[in-house]
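Undergrad: Sequence:
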Amino acid sequence: MKKMAENTVEKTSNLELNWARIEKKWRKKWTENRIFESDIEPHKKKYFLTVAYPYPNSPQHVGHGRTYTLADVHARYKRMQNYNVLFPMGFHYTGTPIVSMSQRIKSNDIELIETFQQIYKIPSKIISSFKEPKKIARFFHEEIKQGMNEMGYSIDWRREFTTIDKGYSKFISWQFRNLRMKGLIVQGSHPVGWCPRDQNPVSQHDTVGDIEPELIEYVLIKFKFEEQYIIPTATLRPETIFGVTNLWINPDIKYVIALVNNEKWITTRDAAKKLEFLNFSVSIISEINGSELIGKSVLDQFRKECVPIFPASFVDPNNGTGIVMSVPAHSPYDYQALDDLSKNPDTLRKYDMIVDIVPKKIIHTDLFSSNDTSPAESIVTRYSIRDQNDPKLEEATNKLYSEEFHNGVLLPDIDLVGNQSVLKARETIRDKIIKQEIGTTMYELKNAVKCRCGASCVVKLLTNQWFINYGDENWKKLAYELIENMEILPEEIRQEFTNVIDWLKERACARKIGLGTKLPWDNEWIIESLADSVIYMAYYPLSKYINNNIDPQKSENKILADDLNDSFFDYVLLGKNDAEAVAKDSKISLRLLEKIRNEFLYFYPVDSRHSGRDLVPNHLAFFIFNHAAIFGKDKWPKQIVVNGSVLMQGKKMSKSLGNIIPLRRAIGEYGADSIRLAMLASAEILQDSDFSFDQVKAIRSKLFEIYRTISSHKNIFTTIQNSLDHNELEDAWISSRIQHLILETTTAIEKFRIREALHNILYLMDNDLQWYQKRKLAKNKPIHNNSLKDFFEVRIKLLSPFAPFFCEEIWGIMGNHSFISLSQWPEVNNSKISLKSEDNERLIQDTILDIQKITKVTKIIPKKIMIYTASEVKSKLYKKLLDKIHIQSATNFGVIMKEFVNDNDVKDLVKRNPDLVKKMIDDILSESLEVRERRMNIDSFNELIPLQDSISLLISETGNDQLKVGIYSEDNNDKYDPKQKSKFARPYKPAIYIE
RNA sequence: GCGGGAGUCGCCCAGCAUGGUCAACGGCGUAAGACUGAGGCUCUUAUCCCUUAGGGGUUCGUGGGUUCAAAUCCCAUCUCCCGCACCA
6 MKKMAENTVE KTSNLELNWA RIEKKWRKKW TENRIFESDI EPHKKKYFLT
56 VAYPYPNSPQ HVGHGRTYTL ADVHARYKRM QNYNVLFPMG FHYTGTPIVS
106 MSQRIKSNDI ELIETFQQIY KIPSKIISSF KEPKKIARFF HEEIKQGMNE
156 MGYSIDWRRE FTTIDKGYSK FISWQFRNLR MKGLIVQGSH PVGWCPRDQN
206 PVSQHDTVGD IEPELIEYVL IKFKFEEQYI IPTATLRPET IFGVTNLWIN
256 PDIKYVIALV NNEKWITTRD AAKKLEFLNF SVSIISEING SELIGKSVLD
306 QFRKECVPIF PASFVDPNNG TGIVMSVPAH SPYDYQALDD LSKNPDTLRK
356 YDMIVDIVPK KIIHTDLFSS NDTSPAESIV TRYSIRDQND PKLEEATNKL
406 YSEEFHNGVL LPDIDLVGNQ SVLKARETIR DKIIKQEIGT TMYELKNAVK
456 CRCGASCVVK LLTNQWFINY GDENWKKLAY ELIENMEILP EEIRQEFTNV
506 IDWLKERACA RKIGLGTKLP WDNEWIIESL ADSVIYMAYY PLSKYINNNI
556 DPQKSENKIL ADDLNDSFFD YVLLGKNDAE AVAKDSKISL RLLEKIRNEF
606 LYFYPVDSRH SGRDLVPNHL AFFIFNHAAI FGKDKWPKQI VVNGSVLMQG
656 KKMSKSLGNI IPLRRAIGEY GADSIRLAML ASAEILQDSD FSFDQVKAIR
706 SKLFEIYRTI SSHKNIFTTI QNSLDHNELE DAWISSRIQH LILETTTAIE
756 KFRIREALHN ILYLMDNDLQ WYQKRKLAKN KPIHNNSLKD FFEVRIKLLS
806 PFAPFFCEEI WGIMGNHSFI SLSQWPEVNN SKISLKSEDN ERLIQDTILD
856 IQKITKVTKI IPKKIMIYTA SEVKSKLYKK LLDKIHIQSA TNFGVIMKEF
906 VNDNDVKDLV KRNPDLVKKM IDDILSESLE VRERRMNIDS FNELIPLQDS
956 ISLLISETGN DQLKVGIYSE DNNDKYDPKQ KSKFARPYKP AIYIE
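Numbering-wise, this note's numbering puts 72 at position 67 of the first sequence, and it's gapless, one number per residue.
The set of hints was computed from the structure by calculation and includes no laboratory data. The C-beta atom is built at its ideal place from N, Cα and C for all residues, glycine as well. Be aware that a few hints might be false.
To be verified - Restricting the straight-line Cα-Cα distance to at most 27 angstroms, the calculated cross-link-like pairs of lysine-lysine (DSS-like) are: (1) Lys884 <-> Lys986; (2) Lys885 <-> Lys868; (3) Lys794 <-> Lys868; (4) Lys592 <-> Lys563; (5) Lys482 <-> Lys259; (6) Lys50 <-> Lys563; (7) Lys702 <-> Lys786; (8) Lys50 <-> Lys638; (9) Lys455 <-> Lys657; (10) Lys858 <-> Lys756; (11) Lys858 <-> Lys868; (12) Lys549 <-> Lys150; (13) Lys969 <-> Lys980; (14) Lys912 <-> Lys924; (15) Lys756 <-> Lys640; (16) Lys802 <-> Lys51; (17) Lys549 <-> Lys437; (18) Lys657 <-> Lys171; (19) Lys269 <-> Lys440; (20) Lys794 <-> Lys707; (21) Lys510 <-> Lys259; (22) Lys229 <-> Lys301.
What the hints assert, rightly or not - DEER-style ranges, computed between Cβ atoms: (23) Asp567 <-> Asn479: 34 to 40 angstroms; (24) Asp436 <-> Asn294: 32 to 38 angstroms; (25) Lys440 <-> Asp507: 51 to 57 angstroms; (26) Asn294 <-> Arg143: 57 to 63 angstroms; (27) Ser133 <-> Glu749: 51 to 57 angstroms; (28) Glu268 <-> Ile518: 32 to 38 angstroms; (29) Asp507 <-> Ser347: 47 to 53 angstroms; (30) Lys437 <-> Ser347: 31 to 37 angstroms; (31) Leu597 <-> Asn23: 44 to 50 angstroms; (32) Arg182 <-> Thr446: 31 to 37 angstroms.
Please work from the sequences and hints to get the whole structure.
TA: Laid out in C-alpha cells, this is it:
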C-alpha cells in the first residue's frame, strides 16, 4: 500500500538541544530551592531509600552509574507519589586498597601513575599528594560527588559523611560492642594467602595477574624412621593409608632435618618454611641428601607396618613435604613409578634394592571390574602411559581420583571404614590420625601465586583473628525471618539470598592495616570494610546533627562527635534507657536528643536498599544479618532491589581493555539524561546491560524528537480548546490508551521492570500517537486538542524520574512554573477507559490488514472496496459462543453444536452452516483472555460505526482519492455484492470485496 | 563439588511469571524507494517458505509429555556463562 502520510510536524533543522545549559539551569534551581532535602513532616508518609555508598579510589565510570541511577529513579518516582523521600549518600573510606594505592604512589609505581594521568586525567601535582591515603579518598570523593550531581541524583547532601569521621567511628564501635555482647563475635585461627614481604593477607586483586589464591588442606602422616626421626608425607587422601606400600623420595634433592614441635622431622627446606608460617615451631638442624634415605624403611604408625623408601623423579620438592606415600593400586603415578623402577636394574643395583611390591587394592568403584588387581594399572594401560614423566599421567590421575571420590567405596575387609564411602572414610581416618597424633594437617597454596610486590605467597595461619559468627544458628533463624518478611526485587533472586544465609559461617571482621575504626576492645585491629558498612543507613538520620570538627563551638543543632557514647546510640537507635540520664551522660541537651531520636523514629526502617547483584553474597547478606541482630523487627528493612552489572559494547569493563569511561566525561559529551536512559533501557534489571554510545545517541535523538513534537504543539497547552474538537472515536480511544499506559507503566516501575516501563514511554506511546495522528489526518481534522495535551503531559511525567533535566525543561515549555520533580504522578482515570473504543480501533486495524493481504496476493489496485459486517443472528451466535467458551469453558465443537441445533435463536444458521460455527469458535479461542473478557463486557457493538469512520483512512491508505467504499450489513438487502462475499462475514471479521 | 543463570527468525536481543492478539518487539545487517549535485544522516517499504481473496506450511538448543492450543507449563537431555569469602 501507500506510504504513511507526511508527518505534519514541521521539519526543524537538525538543531540539537543545549543539554549542558539545561542541566546546569535545573541543577541550580533544584539546589537553590532545596527540593531534595528532607526533614520530618509528621503528616506525610516517609520513604527512606539508600544505595550502597561508593568506595572512593577511582572516579565513577558508567558501570557504577547503573545502581545509583536506578535508586534515583526510585526516589523521584516515590517523591511524585507524594512521599517524603529521603535519599542520602555517604562515602566508604574503610579498607586497604586506598592505603596500598598510596604506597604504590610512594614507591613511584609507573603503571598506577599512568592510569591516573591518562585514563583519569589527574594533574601530576594532585597525584603527588596521593602519598597520603586520605588525600586519595578525598579527591575521588569530591569527584564522585560532582558526578552524582551532574547525573541529577536527588540526594539530600546535608547528611553526607565518610566512614572515618569521628562520629561514624563512634557509631561503629557501638555496633561492635553490641554484637560482642550478643556473643556474635568470636576469636579463632584462620589460614589465609599471605605475602611474607608485605606481612599481609593477599587476595585476588593483590596478586600478579589477579589470581585468586586457592588453599588446600593436606593431611600429614608421620612415618617413623630409625626411632628418632619423623618422615611426614602430605596427602589429600588419608584413607589410602591402607594401601600404602612404600614411600617416595626424590634422590636428586636435598632435605633437611629440623626440630618441628620438638620432633625431628625430615622434609624439604621449603616445607619447613611453610610449616613455620602455619605456626609450627621450626628450627633446622642439618641437611641430608634424598639419596641417603633410599632403600631404608620406615614404620607406618597407623597400621604398625614397615614400608621401604624408593626413589622417584616425579616427586615435586615444592609440593607438600617433598615426600609422598605410595599407593600403587589407586595412584597412577605410584603405579607407574614402581613399574619404572622394577625395569631399571641400574637403580636397583645402585641402592641395593629389590622391588617386589604387590599393589594393595582398597577401594571399589563400578568403573573398574572387581577382578582388576588395581584401578591404577587399568587406567595407566587405558591411557597408554609411557613412564612417570608422561604428561598424560596427570589426566589419568584426575580421572581416577574424581571417580573414586564420587563413587568409591572401601572394600569390606578394611578395618574401621570397610564398606564406607570414600568421602566418609576420609573424614574418619583424618580425624583418627590427628587424634592419635600420628599426623597433623598442613595448608598449602594450590597454585603458585605472586604478590604484586613480587614475593611468592604462602599460607599463613592467623591466630587470634576476630570473626563475626554468621554460622550462629539462632542468628540464621532471625535472618531467614527477616528476608521472609522483606520484598526482594526482582523476586527471582530471593533463592540466592536464602542460599547465602544458609552457607555463611564465621567471617573475619578485622585486619591489621587499612583505614577504618579500631576494634574497641583490641586496638591492634581495624574493623574490616564489609563489617562497618552493614547498618550505616541508621546513621543518616543522625549524621545531619553530628559535628565532626574539632572546633568546640557547638551550634544549637549540632553535637560534637567527642560527646557521642554508647548510651547515646542505645537511646537514639534502640530506645534504651531514660532520655534525661542519657542527655546528662553524653552532655547533649535533652531537646536535641529527643529531636534526633524522633528523626530516627520517623525515617527508620529502610524502605528500600539498592545494590548491584555482586553484593548479594556479601554486603547484602551481612546487611540482613546485622539488622536482624541489632534492631527490633519494626526496624527491619522492607525491601532490597538488586541490579545486574554493565558491559561496555558487549565486553566486561576493564583497564586492560581500555574501555572504562569515566561517568563525568560521558555526561559532558552526551548529556546526563541520555546516559541515564541508555543505562536503564537496554536490559531488564537483573541482567547485565550493554552500554554503548550508539545507543546513547539513539536515545538522545529520541528525546530531541519528543522535544520537537511538543514544542511544535506548544499552543495546545496555552489555549483553551472547544471540546467538540475531541469527541471523535479516536479521541476516546487515545484517552483510553493513556489510562492503560499509565497503569502498565506504573505497575512495571513498582516491580522494577524498568526496561518495560521505558519501552512503554519511549516507543509504545509513539505507536499510539502515530495511529491517532494518522486517523485525524485522514479526516483532515486538527490534532491540536485536549487529548493530545493529556497525552503529552502524561508522557513527560512518566518520563521525568528517568530523564529529569529534560522533563523539567519540557514542563516549562508546556507553560508550567513549578517543578515536574515535585508534581503528581499520573493516576488512572477509570471513567476514561473505553472498552468499545479499543474494539473500534482494533476492528479498523484488522480490516485494513485484511485488505492489504488481499491486494498483496491478488495484485489488485483497488477502485472499489466493499465491506460487509456480520448479520445480527451471527452476532447473537458469537455472544452465545463467547459465553460458552469464556464462562463455561466449553470448547468441544460437537458438544456446542448439539446444543445450538436446539436453540431457536440460532438453529437455522447453525444447521445451514456448521463450518461457520467452527470458524467462530477458533476466532474466539485465538483471542487472548483479556480480549474475550472485554467483548463479554460490551453489550452491543455496531461494527458499522467504526468502519464508517475509517473510510477516510482507507482512502488515504490506498492513496486513491477516487476510491469508492461501501459498508453494509450482511442483512442489508440493498447492498452491492456481486461475488456473494457478504456471507463470509463473521463478527469482528467483516467480509471484504475489492475490485 | 556447591549454588545461580542462559540457549529464540543472518547477527545482537525481547517474549516465558499470568499458554491464545506469536512467523514471534526492537536494533544491526541486507534490498528497494524518497530526500540530496553525489554521499552521509533521516524517512518509507520489504526481509522463514509457498500462495492471483484475507490462506497454508515449517520454526524458538534436543527428545518426550500435558492441552482444543506451547517459545511460554511438566519431564529428560546436550551446550555455554557467572559466584564460592577475609576482598571492595
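Undergrad: Quickly compare the C-alpha distance for Lys912 and Lys924 to 27 angstroms and report which way the hint goes.
TA: Within the cut-off at roughly 16 angstroms; holds.
Undergrad: Range first: 34 to 40 angstroms. Now tell me if the beta carbons of Asp567 and Asn479 are that far apart.
TA: Between Asp567 and Asn479, where Cβ atoms are some 36 angstroms apart, the hint holds.
Undergrad: When you check the alpha-carbon spacing of Lys549 and Lys150, does it fall within 27 angstroms?
TA: With a Cα-Cα distance of about 17 angstroms, the restraint between Lys549 and Lys150 holds, given a limit of 27 angstroms.
Undergrad: CB of Asn294 to CB of Arg143, is that within 57 to 63 angstroms?
TA: holds, 60 angstroms
Undergrad: CB of Lys440 to CB of Asp507, is that within 51 to 57 angstroms?
TA: violated, 30 angstroms
Undergrad: With a cut-off of 27 angstroms on the C-alpha distance, tell me whether Lys549 and Lys437 pass.
TA: violated, 60 angstroms
Undergrad: Take the C-alpha atoms of Lys592 and Lys563, compute the straight-line distance between them, and say whether it is at most 27 angstroms.
TA: holds, 12 angstroms
Undergrad: Take a quick look at whether Lys269 and Lys440 sit within 27 angstroms of each other, Cα to Cα.
TA: holds, 20 angstroms
Undergrad: Does the alpha-carbon distance linking Lys482 and Lys259 stay inside the 27 angstroms limit?
TA: violated, 55 angstroms
Undergrad: Is 47 to 53 angstroms a correct range for the gap between the Cβ atoms of Asp507 and Ser347?
TA: holds, 52 angstroms
Undergrad: Holds or violated: are the alpha carbons of Lys802 and Lys51 at most 27 angstroms from each other?
TA: Within the cut-off at roughly 21 angstroms; holds.
Undergrad: Taking 27 angstroms as the top limit, are the C-alpha atoms of Lys702 and Lys786 close enough?
TA: The hint is violated at about 35 angstroms.
When each numbered hint is compared with the structure, violations occur for hints 2, 3, 5, 7, 10, 17, 18, 21 and 25.
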